[in-house]
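**Student:** Each chain, written out:
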Amino acid sequence: MKQQARRLLQILLLLVAIVLPFGVNNYWLDVATLVLFYVVLCQGLNVVVGFAGLLDLGYAAFFAVGAYTTGILMTVYDWSFWLTLPVAVLLAAVSGVIIGAPTLRLRSDYLAIVTLGFGEIIRILAINLDITGSASGIYGIPRPSLGGYTLSAQHDFYYLILLFAVLAIIAVSRLGRSRIGRAWMYIREDEDAAEAMGINRIRMKLLAYSIGAVIGSLAGCVFAVKMSAIAPLSFSFMQSIMILLAVVLGGLGSIPGVVLGAALVIVLPELLRSAEDWRYLIFGVALVVMMIYRPQGIWPAKYEALAEHQSPAKLAGRDGSHDENVPHSRELS
Amino acid sequence: MEIILQTLVDGLVVGAFYSLIALGYTMVYGIIKLLNFAHGDLYMLGAFIGFSLLSWLTGDGASAAGLLGIGVVFLLSMLLVGLVGMGVERLAYRPLLTAPRLSILITAIGVSLFLEYGTMIIWSPNVFVYPVQLPQTGWQVMGATITYTQVGLIAVSCLLMYALNLFIHRTIYGKAMRAIALDQTACQLMGIDVHRVIALTFFIGGSLAAGAGVMAGAYYGTINFLMGFIIGLKAFTAAVLGGIGSIPGAMLGGFVLGMFETVGTFWIGGSWKDVVAFSLLILILVLKPTGIMGEKVTERM
Numbered sequence: 001m002k003q004q005a006r007r008l009l010q011i012l013l014l015l016v017a018i019v020l021p022f023g024v025n026n027y028w029l030d031v032a033t034l035v036l037f038y039v040v041l042c043q044g045l046n047v048v049v050g051f052a053g054l055l056d057l058g059y060a061a062f063f064a065v066g067a068y069t070t071g072i073l074m075t076v077y078d079w080s081f082w083l084t085l086p087v088a089v090l091l092a093a094v095s096g097v098i099i100g101a102p103t104l105r106l107r108s109d110y111l112a113i114v115t116l117g118f119g120e121i122i123r124i125l126a127i128n129l130d131i132t133g134s135a136s137g138i139y140g141i142p143r144p145s146l147g148g149y150t151l152s153a154q155h156d157f158y159y160l161i162l163l164f165a166v167l168a169i170i171a172v173s174r175l176g177r178s179r180i181g182r183a184w185m186y187i188r189e190d191e192d193a194a195e196a197m198g199i200n201r202i203r204m205k206l207l208a209y210s211i212g213a214v215i216g217s218l219a220g221c222v223f224a225v226k227m228s229a230i231a232p233l234s235f236s237f238m239q240s241i242m243i244l245l246a247v248v249l250g251g252l253g254s255i256p257g258v259v260l261g262a263a264l265v266i267v268l269p270e271l272l273r274s275a276e277d278w279r280y281l282i283f284g285v286a287l288v289v290m291m292i293y294r295p296q297g298i299w300p301a302k303y304e305a306l307a308e309h310q311s312p313a314k315l316a317g318r319d320g321s322h323d324e325n326v327p328h329s330r331e332l333s
Numbered sequence: 001m002e003i004i005l006q007t008l009v010d011g012l013v014v015g016a017f018y019s020l021i022a023l024g025y026t027m028v029y030g031i032i033k034l035l036n037f038a039h040g041d042l043y044m045l046g047a048f049i050g051f052s053l054l055s056w057l058t059g060d061g062a063s064a065a066g067l068l069g070i071g072v073v074f075l076l077s078m079l080l081v082g083l084v085g086m087g088v089e090r091l092a093y094r095p096l097l098t099a100p101r102l103s104i105l106i107t108a109i110g111v112s113l114f115l116e117y118g119t120m121i122i123w124s125p126n127v128f129v130y131p132v133q134l135p136q137t138g139w140q141v142m143g144a145t146i147t148y149t150q151v152g153l154i155a156v157s158c159l160l161m162y163a164l165n166l167f168i169h170r171t172i173y174g175k176a177m178r179a180i181a182l183d184q185t186a187c188q189l190m191g192i193d194v195h196r197v198i199a200l201t202f203f204i205g206g207s208l209a210a211g212a213g214v215m216a217g218a219y220y221g222t223i224n225f226l227m228g229f230i231i232g233l234k235a236f237t238a239a240v241l242g243g244i245g246s247i248p249g250a251m252l253g254g255f256v257l258g259m260f261e262t263v264g265t266f267w268i269g270g271s272w273k274d275v276v277a278f279s280l281l282i283l284i285l286v287l288k289p290t291g292i293m294g295e296k297v298t299e300r301m
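Chains A and B, in that order, give the protein sequences. For the first sequence, position 257 matches number 257 in my numbering, and the numbering has no gaps at all. For the second sequence, position 288 matches number 288 in my numbering, and the numbering has no gaps at all.
Think of the hints as simulated: they come from the structure by calculation, not from any bench. Please note that the accuracy of each hint is not assured.
What the hints assert, rightly or not - When the alpha-carbon atoms are kept at most 20 Å apart in a straight line, the in silico SDA-like pairs for lysine to any residue are as follows:
| hint | chain 1 | residue 1 | chain 2 | residue 2 |
| --- | --- | --- | --- | --- |
| 1 | B | K273 | A | L55 |
| 2 | B | K273 | A | I121 |
| 3 | B | K273 | B | T7 |
| 4 | B | K33 | B | P95 |
| 5 | B | K33 | B | L97 |
| 6 | B | K33 | B | I168 |
| 7 | B | K33 | A | L55 |
| 8 | B | K273 | A | F237 |
| 9 | B | K273 | A | S236 |
| 10 | B | K273 | B | P248 |
As the list claims (entries may be wrong) - Facing chain B, a subset of chain A residues (Cβ under 10 Å, in silico):
| hint | residue |
| --- | --- |
| 11 | I99 |
| 12 | P102 |
| 13 | I131 |
| 14 | V248 |
| 15 | V267 |
| 16 | L271 |
| 17 | S274 |
| 18 | W278 |
| 19 | A286 |
| 20 | M291 |
The C-beta atom is built at its ideal place from N, Cα and C for all residues, glycine as well.
Using the sequences and the hints given, assemble the complete structure.
**Tutor:** Okay, structure coming up:
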């Protein structure tokens with residue numbers, strides 16, 4: 001019953017997302033497109049931080065890897081957009097391994113700082129290299145075409161990123177429930193115990209890191225053709241932080257929570273636009289208050305996690321909406 | 001020869017700023033294991049408060065503030081920002097002392113946003129010119145110019161660090177700090193008011209950062225509300241470089257980083273300055289995560 005209700009809700013949400021462009025003006029369509037970009041990015045980061053418990057403060061770097069790969073290949077070498085995707089995936093996976101391999105043995109907060117430094121290095125490289133167009137970035141990225149149809153309208157890109165978002169959500173939720181996903185969660189909860197159970201933690205962490213990187217870079221590819229111009233400014237530390245915030249606000253490791261978090265992080269500042277100067281201030285205060293009173297996020301994942309290990313009989317009496325009664329078991333330490 | 005000497009002195013000045021900020025990082029980390037991302041913003045706040053006080057003192061730059069005036073403004077800024085640091089600890093970090101690490105980290109980012117954009121609302125997002133003219137004259141040593149200002153800044157920084165060292169090793173509160181860094185629970189059992197000592201740590205860290213902020217504002221001439229972020233990262237790099245949690249390590253790390261950066265800038269150009277710093281950080285973390293003077297810490301994760 002519950003499973004069916006959930007499936008129905010998912011289909012309903014997808015339908016709403018599909019008809020959305022016909023009901024809103026261009027401004028809100030743009031905001032919705034941005035939300036979908038964040039949904040993809042946040043699902044990618046969710047694998048790294050939410051599932052495997054690796055704190056990544058430089059996630060925007062992978063976004064940049066994808067965007068610049070597509071941008072350079074399309075403007076300099078005249079590649080088709082679709083052909084740039086596998087290259088971006090490969091590059092992201094490789095850079096994920098390069099930064100991950102030597103650092104994943106580090107303690108959690110050191111890892112955070114290394115990823116932060118990595119993010120800054122990628123951004124400064126983008127500012128200083130000639131091939132990335134220095135500070136002004138790459139412009140005049142051509143529109144992708146599908147068969148004979150060229151994607152150029154706002155609607156087209158909305159649907160393109162919607163497709164990626166749906167794929168990312170499916171992929172990440174399936175990963176989360178797979179053997180690999182369970183291995184990540186064991187590592188997050190207790191690394192030594194996981195190792196003792198025969199999980200190769202270095203390999204699993206690298207896998208999480210690379211999968212997160214790949215998803216982020218795909219979002220970057222679409223971003224490049226959507227904006228048709230990219231600049232280092234889009235890949236700043238603030239961007240990484242915003243993505244992390246969306247994941248944490250929504251609820252680490254929770255698929256619907258992370259989608260909600262992505263929407264909040266984009267839409268709330270837009271709603272606060274009348275308070276222009278005050279919005280980041282309000283955002284900052286909201287974060288602090290949130291961490292003090294509800295650190296597990298708006299839509300925590302623990303109910304789902306518990307559900308997998310409990311018998312249906314135990315679950316029957318419980319309403320899914322009251323998750324806060326369940327003790328908080330997923331913490332990063 | 002003169003280039004080496006010039007680089008050395010320039011690097012020492014930058015390093016002195018890094019050291020002062022890194023001390024706050026390392027003290028807070030040593031005691032409550034928190035990466036206080038908002039620490040760089042205390043430096044920025046110090047620069048702004050110093051700017052306002054100086055403007056007020058000199059009547060919007062009409063007259064020059066004497067050395068005594070600058071000194072008073074310096075100390076007052078340190079006091080005020082130290083109090084802000086204590087307030088931040090009380091309101092944002094204390095309720096989360098036992099919370100998971102990620103929550104405190106996010107809180108620190110929230111505080112950082114609050115301080116940055118709060119400053120923007122109070123002072124406006126403009127770039128401000130510091131209302132002091134520091135002497136540009138100095139000694140000529142083997143072709144290199146060492147200004148009185150540079151020597152003064154290094155001297156003041158060293159004085160502050162020396163005072164901190166005395167405080168930590170000679171006073172009862174310093175002893176309590178060292179004890180809490182070792183074992184917080186045991187300290188509580190022994191009757192140490194842990195919260196008060198932590199608040200004091202934030203006060204000292206904040207006021208040292210503010211001191212660096214006022215000096216950097218006067219030295220570079222301009223300030224803006226986002227200046228704290230990148231220098232906060234650099235100072236953190238310095239703290240890690242020296243061995244996080246170690247106070248002499250933070251001082252040494254600051255100077256070493258300043259030196260590396262100045263030499264790196266000289267060799268490969270100013271736009272790569274930050275790459276030098278962050279590459280150094282990654283190298284250190286990968287090769288010797290305990291830093292130059294840090295002790296081996298047991299794995300926590």
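**Student:** Output the indices of the hints that this structure fails to meet, ascending.
**Tutor:** 1, 10, 13, 15, 16, 17
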